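Residue numbers (our numbering), protein chains in the order written: chain A, 10 to 268; chain B, 993 to 1221; chain C, 832 to 1115.
If you're looking for bench data, these hints aren't it; they were derived computationally from the structure. Any given hint could be a false lead.
[Claimed, not checked] With a cut-off of at most 27 Å between alpha-carbon atoms, the simulated DSSO-like pairs for lysine-lysine come out as follows:
hint : chain 1 : residue 1 : chain 2 : residue 2
1    : B       : K996      : B       : K1174
2    : C       : K904      : C       : K891
3    : C       : K903      : A       : K234
4    : C       : K904      : C       : K1050
5    : C       : K848      : C       : K903
6    : C       : K848      : B       : K1174
7    : A       : K231      : B       : K996
8    : A       : K234      : B       : K1174
9    : C       : K904      : A       : K231
10   : C       : K1050     : C       : K891
11   : A       : K231      : B       : K998
12   : C       : K891      : B       : K1174
13   : B       : K996      : C       : K891
14   : A       : K234      : B       : K998
15   : A       : K231      : C       : K848
[To be verified] Which residues of chain A face chain C? A few of them, derived with a C-beta cut under 7 Å, are:
hint : residue
16   : W50
17   : H53
18   : V56
19   : S164
20   : I221
21   : S230
22   : L233
[Stated by the list, open to error] Sample of chain B residues with no beta-carbon within 12 Å of chain A, all distances over it, derived:
hint : residue
23   : R1027
24   : I1035
25   : D1065
26   : P1073
27   : V1099
28   : G1122
29   : S1148
30   : A1165
31   : R1175
32   : A1188
33   : Q1196
34   : M1214
35   : R1216
Bear in mind the structure is a predicted one, so any value in this text is a computation, not a measurement. Backbone N, C-alpha and C define an ideal beta-carbon position, used for all residues, glycine too.
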Amino acid sequence: MHERLSFHIKRDSALHRLNPLTKIFLVLALILVAFLNPWYWTPHLLVLIAITPLSLLARVGAEYFRAAARLILPAVGFLFLMQAFFQPVGEEILFQFYFLDVTRESLMFAFSNAMRIFVMVSAFTLFLLTTHPSELMSDLTRRGLPGQFSYVIISTLQILPQIQARAQTTIAAQRSRGLETEGHFIKRAGSLIPLVGPLVLGSLVEVEERAIAIEARGFTSKSLKTSLHDIPDSSIDKALRWALAVIAILSITLKLWLS
Amino acid sequence: MLEKIKNNFNTQTWVLIPIAIAINIAMGQIVLVLRLPVYLDSIGTVLVAALCGPWAGALTGALSNIIWGLAIDPNALPWWPVAFFIGYMAGRMAQWGFFKSWWKVVVTGFVVALTAAIVSTPIAVYLYGGITASGSSFITAYLLQTGQGIWEAVFSTNFLVEPVDKITTAMIAFAIVLGLPKRTIGGYPKPQQVEAEGGAGRTQMYIAVGVVVLLVLFAAFMLRNILGG
Amino acid sequence: MAFVNLQNVTYQYPLTKSPVLQDITLQIEEGEFVAIIGPNGAGKSTLCYALGGFVPHFFKGEFSGMVEVAGKKSSDATLDEWVLTVGLAFQNPFNQISGAKYTVFEEIAFGLENTGVPREEMKSRVEQAMAQTGITDLSDRSPYTLSGGQQQRVALTSILVMQPRLLVLDEPTSQLDPIGTREVFGVIRAMAERGMTVVMAEHKMEWIAQFADRVIALKDGATLLEGTPQEVLTSDLLTENGFGISRYTSVAREARRRKRWRADVPLPVTLDQAAEGFAFTPPS
């Protein structure tokens, strides 16, 4: 239940050195192409010729494959199964399961859908592996995103593991006092209250004090914010962003033109 | 417009949002541990929407979903617009005075559920061809098998699943608000939206719980009719 | 005109029935160290918030009177301007961590980023502030992995780096263990020695006696006593009004009652002072 919330691996590579915004462009372009390109094998090809090589280039290949195996594949696999069984398309029935027909078409459909989701999530994973959250937020703030967004994203990433840990402690503590996490539905529903009460109310009463603490440090200051870290943005970055934008626009036009 | 968005956000809003997101995610996971047939992953979103306004609620919902999608379950990622509109609608309902007594909160939960069902239908249809990674797609598949159109099938499924979850969510959020010290509430942008009226007492709460139980029974009945019939 | 000037400050929180501060008038000179003592609910924290501008700017409610620091009135400034004049640190170290930063260095720079300090100046000010409070070695640690005492020193540094004219501390050690308490008071002592103007709400009398120039005792939102630590902290009025007093004072008072205390030595607050006054008749 306790998930590690920072994927970032500190290494020196071309991908690590790219500006965070360039990498966001890359992720979005990959997703758009995967979802909009009409050719059946596009998403599969993207994984083979773009995402996997990029992860090796970024020297995070091992971590990428681990994340894929632990997080992405199970989810995508489940989606694939759901779709293969439940998608009522096609004539050519491969086998039957109660009232469900698995056809060649439903398999094909399920496979490409699953691959699209795979492209989407693995592109994001690659981005998160090579970009530190504070680097990303500093860069976006410099480009005009209100500073409060940076606060929200980063403190969420830091608070979540704490609240999850607190939830886990509460569950363990209540279990040792005989809380029902097994057994009948109504018993389990009843055990929700002693779990939620302390967890939620405890964190909510802190809000006022935490708000005072950040206001004492100029959180609402109207002056233009500065940043401790300098996030490089080279001419290569700018050129790449243009190229990726063109790819994205082309795939949208192609989709509109074909439909 | 911009002013209306801005008045949802003061420092307490910005501090509350990360906590609300964490509550959403932690609750979602607790419910998985307890294997309850609801999600309850928008309690924080509804809370922010009621205390701060629709735009703050929408932001909380969308961010919760994206973080959940990136860190825990990739299949959640495409559904962020649903969470966005859950927060937005809950905030609007609170603004219209529907977060002040138990029965009004039940109405809020129902409207939020309807919104969620409407917004998730096109995502399910266009992105997944109707069958998603959620267990409820079993119902969709059955409805499709019986010859229903894809839009009807997906929408009926959503509409069967959502109300129980969203009404329970809204009620838990309301119970939390009732439990908060008055002084704490005063610091948020919209404290007047959650000023409890006469209908916030015990009796009303039991009636509201009764309504939810009836809804569960109704949904179970419908489900048996659909699958058994 | 005094450096800090409070005139007839009366304040009532929203949704409450009676005022927490009643007609408080108070002057503090530049470089002075003033301690505020009082039982729970006496209005210590509220007075700190009034100096820090959070009363009434953040809490709203009914405010009358005037708070003036370094020639500026808090009613003429917005809160974000006022925090540049008055720095506020308070009890819970954990809640003072912004959460928006991954390292102690970034955490301390947070206030400077918000107020638009240029990068090079920011770095040198952060380094300097960390050196002053002795936390340079924590620079790359995550604020969440620190002990309470370390977190509180980070919180103090985060305020000091903004170079306020007045430092307000609301029971900065009440949630710390003895080691953390000693660490934090070490930093506060250093601030006092460098001539910082400090107002500190505190109930640890032994520590107050060590560096306060003046002590103000609050009761029910009004000033009960005011004077040197020696005068105020050993006054009989404190015990009569439900204040906690130093254990050395209460032991010495008992000794005096039993005629075991030297008549020429005043009642003590600290251990050192206490050792002076005991008069023993050696057993014959």
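Going through the hints against the structure:
1. K996(B) / K1174(B): 25 Å, holds
2. K904(C) / K891(C): 17 Å, holds
3. K903(C) / K234(A): Judged against 27 Å, a Cα distance of about 25 Å means the pair holds.
4. K904(C) / K1050(C): 25 Å, holds
5. K848(C) / K903(C): 30 Å, violated
6. K848(C) / K1174(B): OK: K848(C) and K1174(B) at ~13 Å, within 27 Å.
7. K231(A) / K996(B): Holds, at about 19 Å.
8. K234(A) / K1174(B): 34 Å, violated
9. K904(C) / K231(A): 19 Å, holds
10. K1050(C) / K891(C): Distance ~23 Å between K1050(C) and K891(C) Cα, so the pair holds.
11. K231(A) / K998(B): 14 Å, holds
12. K891(C) / K1174(B): 14 Å, holds
13. K996(B) / K891(C): 21 Å, holds
14. K234(A) / K998(B): 19 Å, holds
15. K231(A) / K848(C): 35 Å, violated
16. W50: 41 Å, violated
17. H53: 37 Å, violated
18. V56: 31 Å, violated
19. S164: With a closest approach of 3 Å, the S164(A) hint holds.
20. I221: Cβ of I221(A) sits 6 Å from chain C, so the hint holds.
21. S230: 4 Å, holds
22. L233: 5 Å, holds
23. R1027: The claim breaks: R1027(B) does not keep its Cβ more than 12 Å from every Cβ of chain A (closest is about 7 Å).
24. I1035: Not fine: 8 Å to the nearest Cβ puts I1035(B) too close to chain A.
25. D1065: Violated, since 6 Å does not exceed 12 Å.
26. P1073: About 15 Å separates P1073(B) from the closest Cβ of chain A, which puts it past 12 Å; holds.
27. V1099: The claim stands: V1099(B) keeps its Cβ more than 12 Å from every Cβ of chain A (closest is about 22 Å).
28. G1122: 7 Å, violated
29. S1148: 15 Å, holds
30. A1165: At about 9 Å from chain A, A1165(B) fails to clear the 12 Å cut-off, so the statement is violated.
31. R1175: Incorrect as stated: the minimum Cβ-Cβ distance to chain A is 8 Å, not above 12 Å.
32. A1188: Given that every Cβ of chain A is farther than 12 Å from that of A1188(B), nearest at about 16 Å, it holds.
33. Q1196: 18 Å, holds
34. M1214: 18 Å, holds
35. R1216: Its Cβ never comes within 12 Å of chain A, the nearest being 16 Å, so this holds.
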